[in-house]
Structures are given as C-alpha cells and as structure tokens.
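From just these sequences and the hints, can you work out the full model?
Read off the chains here:
There are 2 protein chains.
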Amino acid sequence: MELRQLKYFVRAAERLNFTKAADDLCITQSTLSHQIKELENTLNVLLFDRIGKRVKLTEAGEIMLPYARKTIHQAEEGQQFLQDLNELKAGKLIIGATYGLTELLIQALAPFNQAYPNVQIQIVFGSTADMLLKIKQYEIDCMLSFLPSSYNDSDLDIVKLFDSTLSLIVHESHPWSQQKQVTLQKVAELPLVLPSPSYSIRNFLDDVLAKNNISLNVTMEINDIHSLLKLTNTRQWNTILMNSSLFDFAELKAIPLEGSQMQREATITFPADVYRKKAVVAFTKLLTNHF
Amino acid sequence: MELRQLKYFVRAAERLNFTKAADDLCITQSTLSHQIKELENTLNVLLFDRIGKRVKLTEAGEIMLPYARKTIHQAEEGQQFLQDLNELKAGKLIIGATYGLTELLIQALAPFNQAYPNVQIQIVFGSTADMLLKIKQYEIDCMLSFLPSSYNDSDLDIVKLFDSTLSLIVHESHPWSQQKQVTLQKVAELPLVLPSPSYSIRNFLDDVLAKNNISLNVTMEINDIHSLLKLTNTRQWNTILMNSSLFDFAELKAIPLEGSQMQREATITFPADVYRKKAVVAFTKLLTNHF
DNA sequence: ATGATTAATCGAAATTATCGATTGATATGA
DNA sequence: TCATATCAATCGATAATTTCGATTAATCAT
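Chains as they are written, first to last, in full-length UniProt numbering: chain A, 1 to 291; chain B, 1 to 291.
Derived by calculation from the structure, the hints in this document are not laboratory data.
Quantities reported herein were computed from a predicted structural model and do not represent experimental measurements.
Treat the hints with caution; some may be incorrect.
Since the list gives no way to pick one copy over another, a pair counts as held whenever it fits inside one copy or between any two copies.
For lysine to any residue, the following SDA-like pairs were computed, each having C-alpha atoms within a straight-line distance of at most 20 Å [unchecked claim]:
1. K180 to N86
2. K56 to K92
3. K53 to L190
4. K278 to S33
5. K136 to Y67
6. K136 to D49
7. K92 to Y116
8. K230 to A272
9. K211 to L57
10. K7 to Y67
11. K278 to L65
12. K285 to L57
13. K89 to K134
14. K186 to P175
15. K186 to L133
Laid out in structure tokens, this is it:
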C-alpha cells in the first residue's frame with residue numbers, strides 16, 4: 001500500500017469511471033486499473049464492483065475511502081507544516097464561500113495578497129451544504145458562510161465574524177433611502193428582483209415571509225448577487241439581501257428590515273482538530289481584525 | 001512521498017542510526033540513505049542533521065515525525081477495518097422481506113446475530129415490487145419473498161428456500177384441526193379474517209378464488225400478519241396464510257388447501273454479478289442449511 | 001446490428017528501488 | 001598520534017515496479 005495508490009483510489013472512487021479518473025491523474029487507464037488491482041491485492045479485498053463497464057464501490061471500498069482520504073490528508077498536513085516553517089514563502093490557501101459573502105471575501109483578499117504575495121489562493125463558491133462536505137473531505141481550508149456559530153458539529157470549528165441583517169436595498173434616490181428601518185409590509189409594495197431559490201438567503205427570506213404571512217411583489221429572480229445589485233442600481237427595481245452583501249455600490253443604501261428574526265451570523269468555519277496552516281491563521285486574523 | 005519512505009523515516013528517527021534501522025527494515029543502509037534523501041527532496045527540507053557519523057533529527061524532522069506516524073497508522077487502521085470486515089467482526093447487512101416471511105426472518109436472525117454479533121442488521125419490509133426496485137438500486141443486499149425461482153431477470157440471482165402451501169389456519173380446538181387437507185369450498189363456510197389486499201398473499205389467494213369461482217366469508221381485513229394470528233388464536237376467527245408464515249403459535253394448526261396451484265416458492269434473491277458481502281453469504285448459508 | 005464507451009490484459013519501455021562495494025569522515029582506544 | 005572500527009554518502013549495476021500503448025472483451029445506447 002502506497003500513498004500513490006491511495007490517491008489513485010480516491011480519485012477513482014470520486015469519479016466512478018477509471019478512464020476519467022486516470023485522465024485527472026495524468027496517467028493511463030491501464031496504469032490506474034493495474035494500481036487499483038495491486039491495492040486490492042495488498043488489502044486482500046475488492047474495492048470496486050465491476051458491473052459490466054460500470055464500476056461502483058463495494059462495502060469495503062466505502063469503508064476504505066474515508067481512511068484513504070484521511071491518510072493522504074495526514075501526510076499533506078505534515079508537508080504543509082514544513083512549508084509554513086519555510087516562512088510562508090510558499091503555500092496554498094483554498095477558501096470556500098457562499099455567494100452572499102462574495103463582497104466580504106473580495107475585500108479581504110486584496111490586503112491578504114499584499115501581505116503574502118507568494119501564497120497561492122484558490123476560491124471555491126458553492127452552497128453551505130457543498131462547503132460542509134468539502135470541509136470534511138479536506139478539500140478546502142476554511143469557508144465563509146451564514147452558518148450559526150451554535151451549529152453543533154464536533155468536526156467543525158466555527159468562528160463568528162459579525163451579525164448581518166436582512167435589508168431592503170434601494171438606490172439613494174429612493175424616497176425611503178434615509179430611513180433607519182423598514183417593515184416587511186411596506187416592502188411588499190415595491191417592485192423587487194430577488195436572488196434565486198438556490199441561494200440560502202432566499203430560503204431564509206422565504207421562511208421569514210411564511211412566518212409573517214406576507215408575500216412580495218417579485219418581478220425577477222436571478223442567480224448572481226452582483227447582477228442583482230447592478231439591476232438595483234438602475235433604480236428600476238429594489239432587492240433584499242443581507243446588508244453585508246452590499247459593499248462598493250456607493251449609490252445603494254441598505255435599510256434594515258424591522259423585526260427580531262432578521263439577523264444571521266456570518267462565520268468562518270474550519271475543520272476541527274487539524275493543524276491550521278499559517279496562511280489560514282493569517283487570513284482569519286485579517287478578517288476578524290476588520291470587525 | 002510514499003508510505004514506504006515514511007516508514008523508513010520513522011524507523012530511522014527511532015534508531016538514530018541508519019545502519020541499524022536498515023537492518024530492522026531488512027534493507028541495506030544504502031537504500032535507506034537513498035530513500036530518506038528522496039523524502040527530504042520532496043519535502044524540500046532536511047529531516048536529519050548529519051554531524052560526522054552521527055545523525056540527529058532536525059527541527060523539521062521532529063515536526064514531521066508525528067505526522068509520519070499518524071499517516072502510517074491511519075492507513076493501517078483502514079486495513080485493519082477491512083480485515084475485520086473479512087472476518088465478519090464488522091459490517092452491515094440490509095435485508096428486505098415481505099411480511100409473509102416475517103416469521104422465517106425472525107427465526108433466522110437470532111442465530112445469525114449470535115454467530116456474528118458485530119454485524120449491524122437492517123430490515124426493510126415491503127412489497128415484492130418495492131424490493132425488486134431496491135435490489136436493482138443496490139439499496140438492499142438481499143430479499144426474502146415468494147418470488148418464483150423461475151422468474152426471469154438476468155439482474156437477479158434467485159435461490160429457492162422451500163415450498164410453501166396456502167393453508168387454512170385454525171386453533172387446535174377447531175374440529176378440523178387434525179385434518180391433513182381441506183378444500184376451498186369447505187373453507188367458504190368459516191368466518192375469516194384475511195390479510196389486506198396490499199399483501200401479495202392476498203393477491204395470490206384472490207387469483208385462486210377467481211379461478212375456482214369461489215367467494216369467502218370475510219369478516220375482517222388487517223395489514224399485519226402477527227395480529228392476524230393473534231386474532232385466530234382467540235378461536236373466534238380463522239385465517240388463510242402460507243403455512244410458512246405460522247411459526248411460534250403452538251396452539252395454531254395450518255391445514256394445507258387441496259389443489260395443485262396452492263404452492264408458492266419462498267426464495268432469497270440477490271443482485272446478480274456483484275460482489276456479495278461476507279455477511280450476505282453467511283446469512284444465506286444459515287438459511288439454506290436450515291432446510 | 002452497429003458504433004461508442006469502458007475496464008482488463010499483455011508485452012515492452014521507462015522509471016525507481018535496491019543492492020554491494022567503496023569512499024570519506026570521525027569517533028574510539030591503544 | 002595512529003590505527004581501527006563505525007557510520008553515512010556515493011556510485012554503478014541489477015532487480016523490481018510502474019507506466020505506457022495497443023488490444024481485447026464486454027456492454028451500453030442508438
């Protein structure tokens with residue numbers, strides 16, 4: 001059993017297609033087949049069911065997969081530690097983020113990159129659920145999301161960044177733009193463009209609406225936050241977002257919605273009990289110092 | 001970086017003497033030196049200080065050592081789990097069954113659990129059609145049902161367990177309780193409580209009745225086999241079931257119905273052409289040995 | 001039927017690990 | 001101080017392993 005074989009196995013298990021997995025790994029399908037077989041021999045157990053031209057994990061394969069992942073990760077963690085020791089002259093930081101925190105992320109990246117120009121950054125956007133999966137599979141180093149800091153999972157370490165309030169976003173020329181608060185009832189009068197139901201903020205909003213038995217005047221749905229703000233900037237529509245999603249549109253105003261259940265926590269989440277890269281610590285410090 | 005190299009490293013770090021470590025590992029000192037150097041190259045850091053003929057861990061080596069140990073351990077832990085699985089010290093068995101075979105299933109489960117106490121068992125009751133779907137989607141490992149062993153489906157592997165005969169179930173105090181057979185005509189005279197039409201045995205029975213143009217005196221329908229037997233045990237009603245459904249009611253007698261089309265095969269069915277878990281094989285052996 | 005897709009297999013080539021012998025450095029002890 | 005023993009590094013040769021490319025056989029979709 002070698003790390004190489006475990007890496008091949010994990011990729012094959014993820015793809016459930018030897019040819020494509022081999023492609024990913026930059027080896028031939030023949031090599032992959034051979035090495036998987038070799039691994040199966042040393043483990044004395046079949047890892048894949050070969051059903052015709054299909055492959056599928058056996059029970060043993062399902063069991064071995066998380067061990068393989070953990071083994072590989074463990075080795076890489078040690079390597080990462082050594083690299084960090086080399087004074088952040090190298091390294092890689094993989095950040096997951098939900099779309100609602102795009103603006104926060106982008107604001108944080110600029111100073112981080114200035115401070116550590118040699119740290120390679122990789123951003124992965126996705127849903128909170130996607131991210132949680134990736135965190136557990138060690139695919140990302142940390143994630144920015146609206147996860148309650150009370151969310152209970154011993155595999156996770158969740159740090160609160162700030163509270164964010166569900167807000168009506170209007171152009172500064174809008175008659176309400178100077179108001180300190182606004183009720184949902186009033187918002188129902190306005191023409192709105194909202195984020196698609198695939199966004200967690202939309203689910204949050206829909207929950208609130210259902211609880212208060214209010215329905216809105218939704219003229220458009222769109223699955224990109226930046227486009228949403230651009231449309232609001234045309235003065236033709238208004239939208240609803242967490243106020244933290246609004247950053248560098250100088251002409252837009254966020255008016256918090258009145259009510260107690262309108263707040264969510266923006267948090268940064270890490271896999272618990274594993275060594276935290278220097279780059280991750282630096283990035284986190286940058287974020288928390290900001291608030 | 002390979003597990004082999006990590007193992008060499010750990011031994012060398014423990015011995016702080018390459019020659020002796022190499023001896024322990026059954027390789028030559030030359031090989032050990034070479035592989036350590038290779039590891040140092042991929043990690044881009046020196047793991048040992050070579051002071052004259054002495055070797056001693058560097059700071060990096062000290063850091064890497066626990067990671068190397070953990071990595072190796074992680075891999076071996078997975079291997080151990082698979083080994084256990086192979087000896088049925090672990091594992092999971094998902095069995096589908098139709099309600100009519102509840103008693104058979106329960107009788108088989110006790111000795112199985114005694115033999116393999118660490119195998120987790122999950123039972124899924126449902127109709128034969130449900131089960132067939134689940135089998136094809138690999139959601140269950142096997143199913144117990146009254147499926148004809150001649151049922152033709154290349155995706156399935158069907159093994160006959162025994163023949164079961166449609167029977168009148170009466171209390172031992174019933175005047176007919178010593179009879180060897182009884183005709184459907186006679187049964188029509190008795191007050192009956194029958195399984196609901198959602199059960200396959202009921203469909204089977206209804207088919208037989210239609211073919212013979214007989215109708216019964218049904219006072220109650222109930223969708224639970226055990227309750228059916230309890231009601232029969234009160235002497236107030238009688239019922240009709242496959243004789244194999246009757247197990248541990250000592251005071252009840254099953255009188256086979258006369259006729260050639262009264263038999264059905266109890267079978268165990270597997271998805272064909274896929275790896276069969278050790279637990280499945282053991283469970284099947286236990287069942288077939290019983291008959 | 002037919003063509004496309006996929007995993008297994010086989011022999012050859014490339015790469016890598018291992019060995020044995022040697023070297024050079026350095027402790028140790030007379 | 002000098003000989004000797006010990007130890008890791010190095011080198012060239014060999015053995016083992018990995019990888020590749022081509023082919024086969026099975027099966028899936030049309």
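| Are the CA atoms of K211 and L57 at most 20 Å apart within a copy, between copies, both, or neither? | neither (44 Å within a copy, 47 Å between copies)
| task | Have a look at K278 and L65 and pick one of within, between, both or neither, based on CA distance no larger than 20 Å. | result | between (28 Å within a copy, 19 Å between copies)
| task | If the cutoff is 20 Å on CA atoms, where do K278 and S33 land: within, between, both or neither? Let me know, please. | result | neither (38 Å within a copy, 24 Å between copies)
| Status of D49 relative to K136 across identical chains (alpha carbons, at most 20 Å) | So K136 and D49 pass the 20 Å test across copies only (14 Å; inside, 25 Å).
| query | Can you tell me if K136 and Y67 fall within 20 Å by alpha carbon in one copy, between copies, both or neither? | reply | This pair counts as both: shortest intra-copy Cα distance 12 Å, inter-copy 19 Å.
| field | Copy assignment of K53 with L190, given that the CA separation must stay at most 20 Å | value | Neither: 56 Å inside a chain and 57 Å across chains, both beyond 20 Å.
| query | At most 20 Å between C-alpha atoms: does K7 with Y67 qualify within a copy, between copies, both, or neither? | reply | both (11 Å within a copy, 18 Å between copies)
| request: State whether the alpha carbon distance between K186 and P175 is at most 20 Å within one copy, between copies, both, or neither. | output: For K186 and P175, only the intra-copy Cα distance (13 Å) is at most 20 Å; the inter-copy one is 81 Å.
| At most 20 Å between C-alpha atoms: does K285 with L57 qualify within a copy, between copies, both, or neither? | Neither, since 41 Å and 24 Å both go past 20 Å.
| field | 20 Å Cα threshold - placement of L133 relative to K186 | value | neither (39 Å within a copy, 52 Å between copies)
| query | When no copy is specified for K180 and N86, does a C-alpha distance of 20 Å or less occur within a copy, between copies, both, or neither? | reply | Answer is neither: 47 Å inside a copy and 67 Å across each miss the 20 Å cutoff.
| query | Given a CA cutoff of 20 Å, do K56 and K92 count as a within-copy pair, a between-copy pair, both, or neither? | reply | Answer is between; shortest inter-copy Cα gap is 17 Å, intra-copy 32 Å.
When held up to the earlier numbered hints, the structure conflicts with 1, 3, 4, 8, 9, 12, 13, 15 and fits the remainder.
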